[in-house]
Amino acid sequence: MSSQENPEESLPAEQGDAHGEVARNDDPFADPGLPPHKPRIQDLDERAAKRSERVVAFLFTLSMLATVGFIASFVAFPIDRIVYVWPLGHVSALNLSLGMTLGIALFCIGAGAVHWARTLMSDVEVADERHPISATPEVKAKVMADFKAGAQESAIGRRKLIRTTMFGALALVPLSGVVLLRDLGPLPEKRLRTTSWAKGKLLINQNTMEPLRAEDVVVGSLTFAMPEGLKEDDHDFNTKIAKDALMIVRIQPDEIKDKKQREWAHEGIVAYSKICTHVGCPISLYEQQTHHVLCPCHQSTFDLSDGARVIFGPAGHALPQLRIGVNGEGYLEALGDFDEPVGPSFWERG
Amino acid sequence: MSTATTTESKPQQKAPAGERVADWADGRLGIYSLAKANMRKIFPDHWSFMLGEIAMYSFLIIILTGVYLTLFFHPSMNEIVYHGSYAPMHGIRMTEAYASTLDISFDVRGGLLIRQIHHWAALIFLAAMFVHMMRVFFTGAFRKPREVNWLFGFLLFVLGMFTGFTGYSLPDDLLSGTGVRFTQGAILSVPVVGTYISMFLFGGEFPGHDMVARFYSVHILLLPGIMLGLMVAHLILVFYHKHTQFAGPGRTNNNVVGMPLLPVYMAKAGGFFFLVFGVIAMISALFTINPVWALGPYRPDQVSTGAQPDWYMGFAEGLVRVMPGWEINLWGHTLALGVFIPLTLFGLILAVIAVWPFLESWVTGDKREHHIAQRPRNSPTRTGFGVAWITVYFIGLVGGGNDLWATHFHLSINSITWFVRIGFFAGPVLAFIITKRICLGLQRRDAEKVLHGRESGIIKRLPHGEFVEIHEPLGQDQLHTLTAHEQYAPAEIGPSVDENGVERKVGPTQKLRAKLSKGMYGEGNQIAKPTAEEYKEITSGHGHH
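Chains as they are written, first to last, in my numbering: chain A, 1 to 350; chain B, 351 to 895.
It is worth saying that the hints were derived from the structure and are not from the lab. A few of these clues could be false.
[Unchecked claim] Using 20 Å as the maximum straight-line C-alpha spacing, the simulated SDA-like pairs for lysine to any residue come out as follows:
#	chain 1	residue 1	chain 2	residue 2
1	A	K260	A	K190
2	B	K391	A	D26
3	B	K717	A	D26
4	B	K494	B	K717
5	B	K879	B	H814
6	B	K386	A	D26
7	A	K190	B	K386
8	B	K391	A	F224
9	B	K386	A	R130
10	B	K391	A	I311
11	B	K386	A	I311
12	B	K386	A	A127
13	B	K592	A	S305
14	A	K190	B	V540
15	B	K592	B	L695
16	A	K38	B	V540
17	A	K199	A	F224
18	A	K231	B	G441
19	B	K810	B	R794
20	B	K886	A	D26
21	A	K190	B	G825
22	B	K717	A	V124
23	B	K494	A	I311
24	A	K38	B	G825
25	B	K717	A	E125
26	A	K140	B	G807
27	A	K190	B	T638
28	A	K190	B	Y546
29	A	K160	A	F224
[As the list claims (entries may be wrong)] Across the chosen pairs, the derived CB separations fall in these ranges:
#	chain 1	residue 1	chain 2	residue 2	range
30	B	L680	A	A198	51 to 61 Å
31	A	P78	B	R771	30 to 40 Å
32	B	G441	A	H235	11 to 21 Å
33	A	A198	B	A776	49 to 59 Å
[As the list claims (entries may be wrong)] Quick partial rundown of chain B residues pointing at chain A, CB under 7 Å, derived from the structure:
#	residue
34	M632
35	F817
36	E819
37	H821
Glycine included, every Cβ here is placed at the ideal spot set by N, Cα and C.
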């Protein structure tokens, strides 16, 4: 404890001082002090030192040449020139030459400086004394006295009304900043619960941009669809498709294990949300034999023949199913919106 | 007055120009006092002290190249149809952010190189910070008076992760957009406020039109501004505390032995900046990183396989991938534990390593300053803990790449997931035990070397036919180096009754402290270093065997 108050004791006294001879001869582990300096070849032989000088100068010269090379490459190579360089393959001539010349120019400066320091600058080790970080008791006493004097002169301790109201004002004023952040975005409300799907909306094949007919969907195929009326050049297309994206497969009706799923399907054609219920990646891998779909991001796997329940991976619940039917002209249509929120779980989901 | 000054300012010889400039600056900035304290400041030399420098220099490189990139990048989510010079993307709808990234890569001469340097430097920055942090951890260089600087460094690492994440999300390509979607899904899992945070962050529903512009200001201004301040503070403290050094002849807790800043360290450290920059430039010329042109623009209903975050986010990714999909539905609310637990663990795992120095100083109760870097073996419990932490981190990283492990090594993704799930709990325990044993073994070997000398490799045959190896006694410097470390005695709770026979109150925290102390410094948790008496008895006695 006392060591905390008295900073002089803060540095544990260890064996001897830096250059001291063996302090206590009876201690076999005593600090022998700094070993004598061992001269390098450059310290003894001027010819070796000259050689080092030439190496350093050579590196600096190489750097200059590399910079010239950089500028030359910048001017000489068109940006779209592709060249074959073994073992890299086909690469951009400009990118490769700029990078290598810049790299060499920089590296040679560094190598030159380090070689200079290691071979020619003095390598005699010197010891610097450390001083305790904490102040001496006198300094501390002075600071405490100063602080007391300052506090007394401000009368902050005596005039409690000022102190209290000041803290109140300082505590409240950041609220303005917090309030200003309110318009960063809308409140969640029911936004995450609804999609563009509604009764009577046709299912548009994303490959052909044509409405899907029941006979277009064959067993073993995977079709991606979006709702009628949504266009790729809509301003908020990305926000819409992030919830509307649909995947459609056809399963022999007797292979469908889930009763509700069979009712919501049309002759074995089932439509599920494409957005994974884990953290929202689009699911895109379909195994037609088992009717499993796999999210490539975190490998959640869903069984489309059994209510799209989770059979592997970190997803927490089944994919929402869209109830579909066929309209008078034979086109697949939605019979309403999803009856639960699509995508990842959230607190208000319920 | 005028006469006095004119006579004074007309010396026989004018001072050289450099000196006059320095005088001018000194009169206004006081540079001579500053230089007196620092110009010949001593820095100790050890290869591991370079790791922090790599981090610092790669940060500077990131700032330099980042400023260049802002000159060409358009942080806008306005959609356009691409008609630029990269033919495969002709006619494709994309945001201006993605289009301008293509322009930087294909139309701006040298733009691709700077983009690559920026990204490579960011990867190396995080790696260097990680390794530097581990060096500080394993050598106990975080002990008093450096705890605050440890926290500064830790904050730099965490902020670096988020700066990296917001940075690689800016091009709005298919891969990074998927990463942002994942982040948004994770935010949604936060109880009560998740949906609000998501709406406020994205200006409405994901992805909206604000994400790139907002991430841009966070990436180029807010986070790097804080980091620059922290880095300057970090360096000021390194200067103020003076660098730690390893024990050795003449190197004590009261001094710092090495070469002066001017000229040796300036040449070495300054030169090292160019070495780091040069190597990163060459890596960027040779190895493509983040080829956004091959990925295509982001669309929330499209994804590629093998999606991976940058390496420093990989362990968080791993936690999310291997977590079972637990979900609780109660009273109309959903608790998505399958996502929220990994999100919490991500913060907890990072926090655990940050608070270790405070735990350790509480257990030892040591209030002294420590400037000697410890050898990891001499702190077996701490070293074991550090290796256990790294093990968790890397097992998470394996989980984050489970699909790549599966496809590259033809493994079942289910087995990898189960390996990570079990490894997450068993791995650190095993790593702790093994590391501690290795440390204790090394301590024993050190003690043996001190007492019996170094194995010389020379076999001697004794008159009666026995073969023995000759051990050479160590020199004084080695004897000192191997015995210079301090060893704590475990903290005692003390007797349960005081001298008057009255029962003493021992709080649970005191008991915990004693227990931890025993685990760190008790019997079997460190090997007592040889004493001078032991040494004398062996050396004076019957020769060495």
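Here is what the structure says about each hint:
About 25 Å separates the Cα atoms of A:K260 and A:K190, which puts this hinted pair outside 20 Å; it is violated. Annotation: proposed proximity of B:K391 to A:D26 is violated, straight-line Cα distance about 35 Å (limit 20 Å). A hinted pair counts as satisfied when its Cα atoms are at most 20 Å apart, and B:K717 with A:D26 does not qualify at roughly 30 Å. The hinted pair formed by B:K494 and B:K717 meets the criterion: a straight-line CA distance of about 7 Å does not exceed 20 Å.
Only pairs whose Cα atoms come within 20 Å are accepted, and B:K879 paired with B:H814 is rejected, the gap being roughly 35 Å. For the suggested pair B:K386 and A:D26, the alpha carbons sit about 40 Å apart, so the restraint of at most 20 Å is broken. About 67 Å separates the Cα atoms of A:K190 and B:K386, which puts this hinted pair outside 20 Å; it is violated. Among the hinted pairs, B:K391 with A:F224 is inconsistent with the structure: their alpha-carbon atoms are about 68 Å apart, more than 20 Å.
With a C-alpha separation of about 16 Å, the suggested pair B:K386 and A:R130 falls inside the 20 Å cut-off, and the hint holds. Restraint check: the Cα-Cα separation between B:K391 and A:I311 comes to about 64 Å, which exceeds 20 Å; the hinted pair is violated. Simply put, B:K386 and A:I311 have alpha-carbon atoms about 70 Å apart, too far for the 20 Å limit, and the pair is violated. Of the pairs offered as hints, the one joining B:K386 and A:A127 holds, with about 16 Å between alpha carbons and a cut-off of 20 Å not exceeded.
For the hint linking B:K592 to A:S305, the alpha-carbon distance of about 68 Å lies beyond 20 Å, and the restraint is violated. The hinted pair formed by A:K190 and B:V540 meets the criterion: a straight-line CA distance of about 17 Å does not exceed 20 Å. Our distance criterion of 20 Å between C-alpha atoms is broken by B:K592 and B:L695, whose separation comes to about 35 Å. A distance of roughly 63 Å separates the Cα atoms of A:K38 and B:V540; the hinted pair therefore is violated under the 20 Å criterion.
Of the supplied pair hints, the one linking A:K199 and A:F224 holds, its CA atoms being roughly 19 Å apart against a limit of 20 Å. Taking the CA atoms of A:K231 and B:G441, the gap is about 16 Å. The hint holds against a cut of 20 Å. Distance check on the hinted pair: B:K810 and B:R794 sit about 25 Å apart at the alpha-carbon level, beyond 20 Å; violated. With a C-alpha separation of about 10 Å, the suggested pairing of B:K886 with A:D26 holds against the 20 Å cut-off.
Distance hint between A:K190 and B:G825 is unfulfilled; the C-alpha atoms sit about 78 Å from each other, more than 20 Å. Note on B:K717 and A:V124: the hinted pairing is violated, with a Cα-Cα distance of about 34 Å set against a maximum of 20 Å. For the hint pairing B:K494 with A:I311, the CA-to-CA distance comes to about 52 Å; that exceeds 20 Å, so the pair is violated. Between A:K38 and B:G825, the direct Cα distance comes to roughly 17 Å. Compliance with the 20 Å bound is thereby established for this hinted pair.
About 30 Å separates the Cα atoms of B:K717 and A:E125, which puts this hinted pair outside 20 Å; it is violated. About 59 Å separates the Cα atoms of A:K140 and B:G807, which puts this hinted pair outside 20 Å; it is violated. About 44 Å separates the Cα atoms of A:K190 and B:T638, which puts this hinted pair outside 20 Å; it is violated. For the hint pairing A:K190 with B:Y546, the CA-to-CA distance comes to about 12 Å; that is within 20 Å, so the pair holds.
Pair hint A:K160 plus A:F224 does not hold up; C-alpha atoms about 70 Å apart against a cutoff of 20 Å. For B:L680 and A:A198, the hinted distance range of 51 to 61 Å is not satisfied, since their beta carbons lie about 31 Å from each other. Checking the proposed 30 to 40 Å range against A:P78 and B:R771 shows it is violated: the Cβ atoms sit about 53 Å from each other. Checked against the given bound of 11 to 21 Å, the beta carbons of B:G441 and A:H235, roughly 19 Å apart, stay inside it.
For A:A198 and B:A776, the hinted distance range of 49 to 59 Å is satisfied, since their beta carbons lie about 52 Å from each other. With a least beta-carbon distance of about 3 Å to chain A, the hint placing B:M632 at the interface is held under the 7 Å criterion. The restraint placing B:F817 at the interface with chain A is violated, with a minimum CB-CB distance near 29 Å, outside the 7 Å limit. Interface hint status for B:E819: violated, as the beta-carbon distance to the closest one in chain A is roughly 22 Å, over 7 Å.
A hinted interface residue such as B:H821 counts as satisfied when its beta carbon comes closer than 7 Å to some beta carbon of chain A; here the least separation is about 16 Å, so the hint is violated.
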